[in-house]
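Peer 1: These are the residues of each chain, in order.
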Amino acid sequence: KQEVTQIPAALSVPEGENLVLNCSFTDSAIYNLQWFRQDPGKGLTSLLLIQSSQREQTSGRLNASLDKSSGRSTLYIAASQPGDSATYLCAATSGAGSYQLTFGKGTKLSVIP
Amino acid sequence: DAGVIQSPRHEVTEMGQEVTLRCKPISGHNSLFWYRQTMMRGLELLIYFNNNVPIDDSGMPEDRFSAKMPNASFSTLKIQPSEPRDSAVYFCASSLQVNTEAFFGQGTRLTVV
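Line by line, the protein sequences give chains A and B. Here the first sequence stands for residues 1 to 113, numbered as in the working numbering. Here the second sequence stands for residues 114 to 226, numbered as in the working numbering.
By construction, these hints were calculated from the structure, which means they are not laboratory data. We treat Cβ as the ideally placed atom computed from N, Cα and C, and that holds for glycine. Among the clues, some could well be false.
Unchecked claim - If you only want the chain B side, here are some residues facing chain A, beta carbon under 10 Å, derived:
1) Arg154
2) Val202
3) Phe204
Given these sequences and hints, build the entire structure.
Peer 2: Spelled out as structure tokens, the structure:
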């Protein structure tokens with residue numbers, strides 16, 4: 001059974017700092033890995049999806065990497081802004097049929113002005 | 114497209130009452146998911162539909178929970194009778210095909226008193 005872990009649970013950084021959010025998974029037989037952002041009281045917004053055959057994906061100030069062999073993914077945020085404050089969740093797609101999204105508990109990011 | 118649309122956004126009901134949550138997936142998406150989010154357990158998959166057919170309902174916690182997808186543009190999640198421990202945020206998500214990028218609705222916050 002796939003398990004996804006995100007450490008730390010919370011992170012506070014000053015504005016302008018580059019930061020890395022971590023995600024680890026136990027079953028390397030994933031189909032893809034997706035990063036989401038969740039604002040308080042809101043739904044999940046898809047940020048990046050990395051296929052298992054890819055090493056990284058970039059979107060603006062965001063860069064996500066995937067290392068299946070070590071069971072890790074990272075989300076790099078460049079030049080953080082207060083508007084980046086949110087909870088970031090990663091989810092691995094795996095299992096028979098590859099439809100099951102298994103989520104981590106998320107990292108709550110606070111960017112301090 | 115307006116994205117995945119869920120209604121209602123908030124629902125407060127008394128224990129024992131029937132609750133129906135509704136979801137309109139993104140047009141053209143053939144995969145639909147219902148998830149439940151709680152502080153303790155995070156996001157958990159309840160049921161997955163592909164082309165309107167339930168494929169995996171192993172995450173449905175009890176027989177009190179049921180879900181239907183009568184057509185490609187509408188799905189419901191019903192709880193009857195509701196209990197206080199059902200209080201959570203329920204999300205609907207859809208994707209173009211299985212294991213492609215998943216898009217989430219804004220969620221329904223259910224409170225059972």
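Peer 1: Next, verify each hint and record whether it holds.
Peer 2: Status of each hint after checking the structure:
1. Arg154: Holds, about 9 Å.
2. Val202: OK, holds: valine 202 of chain B within 10 Å of chain A, min 9 Å.
3. Phe204: holds, 6 Å
Consistency note: the structure conflicts with none of the earlier hints.
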